[in-house]
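**Student:** Each chain is listed here by its residues.
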Amino acid sequence: MEGPCRVLRAVLYLFSMNTDYSHYYDASSLFHGSLLNIMGTRLDAVFIETDRALCESVWQKTVAELLRLDKMFNRFDIESEIYSVNLRAPTERVVASDELMSVLISCKRYHLLSRGLFDVTLSDFDAVDLDTEHQTISFSEKNVSIDFGACAKGYALDKVKQVLVEADIKDALIDFGNSSVLALGHHPFGDCWKISVENPFRTGEIVDEIELRDVALSISGNMPTHLKHIVNPRTHQFIEDKKIVSIIAQNSFEAEILSTALMIANHEEQKKILSHFDHALFKEYIL
Amino acid sequence: MSTDKNTKQVDLELRQFIKNLGYIAGGTALLTTVPWLQSFTTDKLSEIKNEKARVAIIGTGSRGQYHILNLLRIPHAEIVALCDNYPPNLKTASDLCPKAKTYNDYRKMLESKDIDGVIICTPLNWHAQMVLDSLAAGKHTFCEKSMALTMDECKAIYEAYLRTDRVLYFGMQRLFDEKYIKGLSMIHSGLIGDIVGIRCHWFRNNDWRRPVPSPELERKINWRLYWESSGGLTTELATHQLEVSNWAMKRIPESVVGMGDIVFWKDGREVYDSISLTYHYRNGVKTTYESLISNKFNGLGEQILGHKGTMELEKGQYFFEDVAPAPGILQLINNVEKRVFSTVPIAGPSWVPETASKQKPHYVIEGMVHTTSGGSMVGAENDGSDNLISAFCQSVITGEKAKDIVEECYSSTMLCLLGNQAMKEQRKVDFPDEYKIPYLKF
Ligand SMILES: NC(=O)c1ccc[n+]([C@@H]2O[C@H](COP(=O)([O-])OP(=O)(O)OC[C@H]3O[C@@H](n4cnc5c(N)ncnc54)[C@H](O)[C@@H]3O)[C@@H](O)[C@H]2O)c1
Chain R
1 MEGPCRVLRA
11 VLYLFSMNTD
21 YSHYYDASSL
31 FHGSLLNIMG
41 TRLDAVFIET
51 DRALCESVWQ
61 KTVAELLRLD
71 KMFNRFDIES
81 EIYSVNLRAP
91 TERVVASDEL
101 MSVLISCKRY
111 HLLSRGLFDV
121 TLSDFDAVDL
131 DTEHQTISFS
141 EKNVSIDFGA
151 CAKGYALDKV
161 KQVLVEADIK
171 DALIDFGNSS
181 VLALGHHPFG
191 DCWKISVENP
201 FRTGEIVDEI
211 ELRDVALSIS
221 GNMPTHLKHI
231 VNPRTHQFIE
241 DKKIVSIIAQ
251 NSFEAEILST
261 ALMIANHEEQ
271 KKILSHFDHA
281 LFKEYIL
Chain S
1 MSTDKNTKQV
11 DLELRQFIKN
21 LGYIAGGTAL
31 LTTVPWLQSF
41 TTDKLSEIKN
51 EKARVAIIGT
61 GSRGQYHILN
71 LLRIPHAEIV
81 ALCDNYPPNL
91 KTASDLCPKA
101 KTYNDYRKML
111 ESKDIDGVII
121 CTPLNWHAQM
131 VLDSLAAGKH
141 TFCEKSMALT
151 MDECKAIYEA
161 YLRTDRVLYF
171 GMQRLFDEKY
181 IKGLSMIHSG
191 LIGDIVGIRC
201 HWFRNNDWRR
211 PVPSPELERK
221 INWRLYWESS
231 GGLTTELATH
241 QLEVSNWAMK
251 RIPESVVGMG
261 DIVFWKDGRE
271 VYDSISLTYH
281 YRNGVKTTYE
291 SLISNKFNGL
301 GEQILGHKGT
311 MELEKGQYFF
321 EDVAPAPGIL
331 QLINNVEKRV
341 FSTVPIAGPS
351 WVPETASKQK
361 PHYVIEGMVH
371 TTSGGSMVGA
381 ENDGSDNLIS
391 AFCQSVITGE
401 KAKDIVEECY
411 SSTMLCLLGN
421 QAMKEQRKVD
431 FPDEYKIPYL
441 KF
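One line per chain: the protein sequences are R and S, in this order. The opening position of the first sequence corresponds to residue 1 in the working numbering, with each subsequent residue numbered one higher. The opening position of the second sequence corresponds to residue 1 in the working numbering, with each subsequent residue numbered one higher.
If you're looking for bench data, these hints aren't it; they were derived computationally from the structure. Source: prediction; values computed, not measured. Errors might be hidden in some of the hints.
Here are the computed lysine-lysine pairs in the DSS-like style, where the Cα-Cα straight-line distance is at most 30 Å [to be verified]:
no. : chain 1 : residue 1 : chain 2 : residue 2
1   : S       : K403      : R       : K61
2   : R       : K170      : S       : K308
3   : R       : K170      : S       : K338
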């Protein structure tokens with residue numbers, strides 16, 4: 001078994017090679033970094049900062065942090081913590097790291113506030129038992145497994161924000177696969193960052209323009225190529241509506257969770273969920 | 001010929017060219033990439049608005065006529081004399097600018113006090129003599145590429161250039177071509193990483209011959225085909241691209257190997273119709289040069305290969321090795337570089353790898369790319385030739401020398417001649433010490 005397993009690991013590794021690219025535009029004091037194959041998508045970072053060396057070191061820290069989180073949240077990576085939790089939690093109490101535990105506790109809280117529509121198990125979060133005293137996780141159902149697909153990018157962006165704030169980078173735009181955007185400060189020639197939302201079903205058609213400053217944006221929606229990727233955990237139906245929802249919140253984790261939940265929710269549910277989040281700005285676009 | 005509309009248009013084009021260059025890297029990086037443009041600002045252009053450079057042309061064949069057409073549209077130029085020793089070509093040129101005096105002996109013409117600048121468009125074997133005579137006659141001088149037929153002639157021109165207080169230009173139009181200037185400045189800013197290799201090629205499918213009215217004119221009209229008057233594919237085509245290669249590398253190769261043959265056009269010509277050369281830079285980078293004139297599939301191009309990406313200068317395109325930058329982010333960066341604040345389309349449902357094609361080109365100049373098939377023997381449109389000749393006329397008025405143009409032409413011509421030597425002698429040829437000039441960095 002050892003042999004084939006190692007080969008498989010090598011193959012998986014090749015497919016998940018992260019490529020990082022960066023370039024500093026001197027005249028504009030603009031740093032651009034790109035990281036491919038990260039959490040199933042890509043990340044682009046733009047910093048406006050005159051200190052080139054600072055940009056480069058912040059980017060290296062950002063990349064390292066993203067790779068760490070990618071590994072931690074990747075349920076397919078046989079070396080990740082979540083892989084081993086998913087494998088062992090149905091039969092034993094698995095001791096979890098502080099970080100994994102605290103992420104799951106937050107997820108539980110959002111699960112309740114979203115009336116069950118945000119669910120990292122995609123079916124039955126109640127079957128996940130979080131023992132905070134002993135810091136263990138166990139599943140009471142056999143078929144349960146945890147998938148952070150709907151919140152990992154948001155969580156990672158909050159961590160990236162910390163890196164930027166600590167380094168005193170004031171103006172930055174981070175685009176995580178188009179669906180999660182973090183805006184710090186403003187564009188060098190404007191008082192905010194202005195971005196637009198494109199209709200994925202009609203290229204070039206802009207459905208909205210959004211101004212961002214020191215906030216997080218998350219977008220959820222379907223694309224012609226990917227109609228079946230959002231599931232209602234209560235009905236197990238795919239959400240196939242041709243629509244997009246956007247949410248602006250103070251942190252990226254919350255924004256990403258809410259955008260998924262609000263994409264699934266009907267009108268009534270949307271109102272009820274939003275009643276818990278006064279500051280969040282929600283929009284829905286029917287395409 | 002020259003209507004008001006045309007005149008305005010060219011003036012606008014040159015202004016636009018200079019203005020467009022202004023926003024690349026805020027002008028500072030620009031000067032390190034293109035030192036020869038230092039004197040060409042929009043302000044300087046307005047200063048000479050009411051003046052005219054009185055220019056004469058020697059060699060009014062196809063390239064000469066091409067320059068005439070451009071000169072007629074340049075407000076600060078006046079063609080005062082024409083010289084050619086082949087009457088039909090002199091007549092055609094004279095029809096284009098009837099006011100210009102005509103000569104069949106260029107030495108006679110150089111005696112005229114009414115000429116400020118001379119533009120030489122004769123076969124390669126005439127370049128050296130004419131450049132030296134023109135400078136000696138006190139004329140500002142422009143000569144078509146390549147510099148000269150032999151290494152000694154090149155050296156003589158270079159030495160005359162060091163001594164003279166006159167302006168001297170050579171027809172290296174890529175130095176004034178917006179897409180090359182921008183492309184090169186992007187390369188120098190590190191966009192494609194370290195340069196690890198360069199591939200240049202020029203392919204055509206035609207015999208390079210011109211019809212000859214009577215047999216004794218063969219060597220005069222088809223001068224390109226004989227070693228006594230031509231360096232063949234190197235001095236006629238490669239010279240432009242080797243210059244670009246050095247421009248990218250900021251240094252010049254120390255040796256060359258190569259092979260040249262007549263593969264297809266076995267019609268009595270002497271110069272090769274098929275060449276492959278490899279130039280070796282001291283840091284190990286190689287420029288491969290290929291040219292063939294019996295197959296045009298590949299057209300022409302210069303690929304600068306970097307460890308992060310590839311720049312195709314002639315096409316004005318570049319590619320990244322691994323990462324295809326998000327189009328919205330690229331747009332944002334372009335806007336910031338142009339100091340524009342506007343919205344960029346980056347938000348939407350999650351980007352998944354399948355929706356992004358890997359090797360998508362990015363463009364050096366958004367929305368505007370003039371590429372050529374490389375098929376023309378006269379010159380392509382919008383390739384910088386008009387800006388170059390206009391810049392020369394400006395220098396004729398101001399007397400201000402343009403930096404580095406002579407040195408660039410010297411380097412690339414030397415490389416052509418060394419390439420020819422390597423092919424003829426079938427051996428590796430090193431850049432000879434006696435022809436090294438201080439400008440060259442190996
Ligand atoms: N920069 C470019 O892209 C480019 C393009 C084409 C040609 N060129 C260069 O331009 C030069 C001319 O090329 P061309 O295609 O116009 O050649 P051509 O044969 O069409 O023209 C040369 C002209 O010079 C005349 N001439 C020759 N000897 C003369 C003399 N002693 N006195 C007066 N006139 C003389 C000929 O009669 C002819 O009219 C060459 O050096 C060529 O490499 C440059």
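**Student:** All hints, please: hold or fail.
**Tutor:** Hints, one by one, checked against the model:
no., hint, in the structure
1, S/K403 with R/K61, "violated (44 Å)"
2, R/K170 with S/K308, "holds (28 Å)"
3, R/K170 with S/K338, "holds (21 Å)"
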